[in-house]
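**Student:** Chains as they are written, first to last, in the UniProt record's numbering: chain A, 1 to 386; chain B, 1 to 386; chain C, 1 to 386; chain D, 1 to 386.
Wrong hints could be hidden among the right ones.
In this list, chains with the same sequence are indistinguishable; a pair is considered to hold if it fits within one copy or across any two.
[Stated by the list, open to error] 30 Å max Cα-Cα, derived BS3-like pairs, lysine-lysine: (1) K250 to K294; (2) K57 to K226; (3) K343 to K226; (4) K226 to K386; (5) K246 to K343; (6) K57 to K343.
Note that these hints are calculated values from the structure, not bench results.
Since the model is a prediction, treat every value here as computed from it, not as a measurement.
Protein chains: 4
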Amino acid sequence: MKKNLTQAYRDVRQYTEQLCKPLNVEDYVPQAVDYASPPKWHLAHVTWFFETMILQKHLEGYEVFNESFNFLFNSYYQTIGKRAMRAERGVMTRPTVGEVYQYRQHVDVYMAELLAGEVSQELEDLVVLGLNHEQQHQELLITDLKYVLALNPMAPVYRKDSNLVADHNADSEFEWLSFGQGVHSVGYQGNGFCFDNEQSVHNTYIQSFEISTSLVTNGEYLAFMKAGGYENFNHWLDEGWAWVNKFEVKSPLYWQEVDGEWFYYTLAGLQPVDPDAILSHVSFYEANAFAQWKGCRLPTEFEWEVAAPGLDWGKRWEWTSSAYLPYPNFAISEGAVGEYNGKFMVNQMVLRGASVATSEGHSRLSYRNFFHPYFQWQFSGIRLAK
Amino acid sequence: MKKNLTQAYRDVRQYTEQLCKPLNVEDYVPQAVDYASPPKWHLAHVTWFFETMILQKHLEGYEVFNESFNFLFNSYYQTIGKRAMRAERGVMTRPTVGEVYQYRQHVDVYMAELLAGEVSQELEDLVVLGLNHEQQHQELLITDLKYVLALNPMAPVYRKDSNLVADHNADSEFEWLSFGQGVHSVGYQGNGFCFDNEQSVHNTYIQSFEISTSLVTNGEYLAFMKAGGYENFNHWLDEGWAWVNKFEVKSPLYWQEVDGEWFYYTLAGLQPVDPDAILSHVSFYEANAFAQWKGCRLPTEFEWEVAAPGLDWGKRWEWTSSAYLPYPNFAISEGAVGEYNGKFMVNQMVLRGASVATSEGHSRLSYRNFFHPYFQWQFSGIRLAK
Amino acid sequence: MKKNLTQAYRDVRQYTEQLCKPLNVEDYVPQAVDYASPPKWHLAHVTWFFETMILQKHLEGYEVFNESFNFLFNSYYQTIGKRAMRAERGVMTRPTVGEVYQYRQHVDVYMAELLAGEVSQELEDLVVLGLNHEQQHQELLITDLKYVLALNPMAPVYRKDSNLVADHNADSEFEWLSFGQGVHSVGYQGNGFCFDNEQSVHNTYIQSFEISTSLVTNGEYLAFMKAGGYENFNHWLDEGWAWVNKFEVKSPLYWQEVDGEWFYYTLAGLQPVDPDAILSHVSFYEANAFAQWKGCRLPTEFEWEVAAPGLDWGKRWEWTSSAYLPYPNFAISEGAVGEYNGKFMVNQMVLRGASVATSEGHSRLSYRNFFHPYFQWQFSGIRLAK
Amino acid sequence: MKKNLTQAYRDVRQYTEQLCKPLNVEDYVPQAVDYASPPKWHLAHVTWFFETMILQKHLEGYEVFNESFNFLFNSYYQTIGKRAMRAERGVMTRPTVGEVYQYRQHVDVYMAELLAGEVSQELEDLVVLGLNHEQQHQELLITDLKYVLALNPMAPVYRKDSNLVADHNADSEFEWLSFGQGVHSVGYQGNGFCFDNEQSVHNTYIQSFEISTSLVTNGEYLAFMKAGGYENFNHWLDEGWAWVNKFEVKSPLYWQEVDGEWFYYTLAGLQPVDPDAILSHVSFYEANAFAQWKGCRLPTEFEWEVAAPGLDWGKRWEWTSSAYLPYPNFAISEGAVGEYNGKFMVNQMVLRGASVATSEGHSRLSYRNFFHPYFQWQFSGIRLAK
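Make the full structure from the sequences, and use the hints.
**Tutor:** Written out as structure tokens, the structure reads:
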């Protein structure tokens, strides 16, 4: 296991830096919106996690790389002390990008030293948590970067060749899968890593339902738009309708109409909308309105979990109709690690699956992602149920 | 049934006016906050419901009392046309209070005429819906009025003798009731009236749990406050902690500290906090934080529904840990009536039970009340589970 | 002088109540916007001034009518203690309107007693200040009332017969009066009452200028509107242009277009815009943009003061191009009275003249009114200069 | 003259780049607050001015460097077309810093070509305007950079050796200079360059006054702070007092208290406050409150202009008590150049003099700088008058 852990550490850490290869120094700096962070911050924050949660506690004599970094790169953990305001991440010109890479290298050297010695179960668990944490930030790094680049009227290209651009359902035939009612067991049931919010396998009663084998495409969503979907309050939740009007939303994020044709910004630049590609970057409000317009609904997270083994999933985070709430017997861990998930269990909706931006090896049937219903900036899509 | 309906109509309508007996003309006018409405508006809006949904459609030759009222007293129904901004209800000095009472009388006369004739099932259903609607506004009238009067440094008295002031648990002994796991049937199962959001009885799997027989008292909550409950982020959801800090919340609504003693505004004026009385006017954030501090949690809405027959309930709206979501097979009705409940099924939490301000005959085991987690102005309290 | 003072007191106080004759109780309550106040508040606040500044200090043994009123009806005076938030004046349902009139009567009785005795110069000065203060609030009472009534879709009538509705230039011939350059003396030069901000007569150098004998009419302003005045940034100050766009301003306050015709709300109800009547309810931004479009400019306050004896003035508050700043040797008085004017000498523009809503006997050539450049709710108009 | 112009062009352009020598690439990117801009933007915007106002019009066959730059680097000029939102300058990662330097070089090459040919008076005037414009941005580049670096808890150093850090009055003796009343001529009277807002020499009548020979020091201001200056409303304009309370202002910008000692961020890093150095980074509200506390006042802009030849000035922008208004006969130029100054003549105060950050050769006795009264981020200080 130890060798695997060392290798896993190396792989995850290298993948983060590989994602940054196409960037200019300038790209590392800005924060376009308060819920997104600069690449520089992601690079440092995941490193800070290893330094603070692991090296400082488990490697004797370890000296922190820079005392200020605890303040600058603590994302949320209130237990650990003061932290920079989330909204000010984009004004921190120092440390420089070069210094952040030095920081990463410094921590990697000592992590290698630590992992070369005896590794307790507790330590292994923490390292695995740190790696999963870094994988989460790999996805955020991509989605946050897309947000910044999309604001630039020059529509800069991140990578020309990428599955991040546009992809399609495995099978273009639309089908309904049916399930009868009954008690099902849900929650993480394996022996590997999972987050605390997936734990405690438990029974749930599911009514009979049908679920679509494919995700909604751009073309299907365009039909909704052309049918006046954004102008008819009947399709929308009251709060969704207020959101549409306040922000004058007329399309998924990154879409723009030029002379009657729809284009969208992709990480390969501005492109005409491909009607056969899978829809992305919609909010829960939009997903729900589209489903209602179709005379369908979104699946619950447990319907999804039960049905998923028979579905082609992993291309979009799929909005469910379930609010993000604790599982029975959910217990908040002691200390800073306990602030990971439980603090956010109100006013968010569960997304299931994974997306084209999710790192390899970071998806599970029981995985519970969650965002506020108005967020569009993830690679989020729609699967219908009824 | 017809006689009963006429009588029921008369009873409900009169009770609304009885609630207003202690008011001065000035009290009918202001709107203290955008989510509360002036008494004058409540009086007229419930009347508008009968006029627009019933008289205009079912009483031939009926002439509306005043064309402007549709605009002024439509609360939400987007189907029915333009409506005044919710936040401007308090600046409408006309119609006067006297004119609003004339409006009520006008509608009552024609409703009596209508109900004296043949009453179809459809009509009866609409009248019963209108009466339940008016009962909901009876409670809102009281809670909104309390909000306005409480802002006045003169602490005006609404009624000296009232169960609205402070009340106690039936039994002062605290006890846990235990329930085993298994499948239960939930939802409205009777033959009477219920709202669309309670409909479609269905199975749900409930894990084993314990629930308290009594509601949390002011004294118990004071202990939380004295233990620094509002200063320790560990007890709070992240969003709750932000709410505490942004609004500098230090106590339930209407509480104020004077020279080290806690007082609260009640509808009988300013009074010292009674430690044995049942706690009221807490938000979901506070309820959840208190429960966490106690090492407990809030019950789910289905745990509550299963346990309630054995509980003393009806004194406070009890925050549950359930988000307000549609039941399986929930269907939105056609037309304006369909805008009643379904539009609000996101970002709100379910409260179960009823309160001292709830009108008689307007409570059920299956009743689902719902509010945003930051609202304190209802008579809302806490029951613990674990 | 004493007899005159008693009579003056009586006259001013009665005129306030006469203005309120056409009101319903409901009209006294609401506050439509934070810079306007309810009639009830005006009635009480001017009375509080006499009670606090005069009776409590100069009438031995005087007992305050109600201790809470100091908190409720102190408008600004920070010296005197806590005061209710300005924005919450409309939610105070108590004291009732009846109680406020009792308060007025109470104070009037004791003021009569006080004025029947020996009246020192200091006391006389304070009474005269109090009366001028009440006259200012008489005008505000009208303008604030108009704001509230105008929001009501029923367009209620305050008074059918009134010079407040629409009026015309004395002479419909437009003329330019010319003045040569030179040193002029400005500031209040008489022996009567004036505010501190008019005091200290001093020299000023005025360049040669021309000024219009008549005020701009609705018809002239309509020409500006029809020429696209609100759509062309060239006419506007940068801040004015931002104001136009943020609030989507398309006309003076109270104007609305119905099927291509312009109407305006007046205190006699909704009426078609009279092109020959004098324009009212424009902001400084609009006044300045109109002048620029005309190839003219607004007069400075000193140009106005020098030219006014030859003009027909008193129908509109006339926006000048002068910022509201202290005169040389302006000194802030000691104590609460000193908070009257000097505190506001930044970011406001001077208006000269008087309006149809100004109380008789409350206007002077040296009078300096002042408002933020975005305010439209006074009877404010435009006189051109070049 | 032509040779001089070429040389002047070269000098000013080089000085801008010299100011950027100490920067890292990261420092060029962020925008800390909407009224400040990133160094990258300043570098490009001043270049855009030469390209758009001069090369495109006066150099035949000139091809723009990049079409997108007009959108990205137009600061205000509404005449010229769409422009990026001011608040989004910090999220534009492209063009890169390297590309911006290429842009500068490109424009410099063609400007050199243009200036090597025949230079009309109109062209010369535009070039001189462009150079003065660039000098203004040199100062803004420094003040905006200071704002960003100061937010960084690492307190980065820009330059260790700099007059930008702390400087002193030429003569530590405080003295009053006296002036009698009378008519004075003000406005720019020379033959060189001046802005449109200084033009049209005209008479003004000045009352007798006294003015201080030295600027207020940190030590003097600390005395105000220690006397409770920020806690006593009596010293403040009403709007200033609201500003103090809303933003919890307790000191000049960049000051922080650490264990009872005051430090300030300077461009050489964090340093203890030097009581003998000249006070900097105060708002007009603070300047006015300090003066009032001292029993003095701020000079008017004309008092300053008359007295300045006898004063040691040029170290701080000195707040005056004059609002920024047009001079008599001020005329807005035709076209885009006309948007330079006149658009901003409302709600701003005049500052006179120059500061340690002002570029050499960019100061005059008649120079009128202007900012909103709440701005602290310029090197602004206080000179007393009475």
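**Student:** Hints numbered earlier in the text: which of these fail when held up against the supplied structure?
**Tutor:** Going through the list in order, the structure violates hint 2 alone and respects the others.
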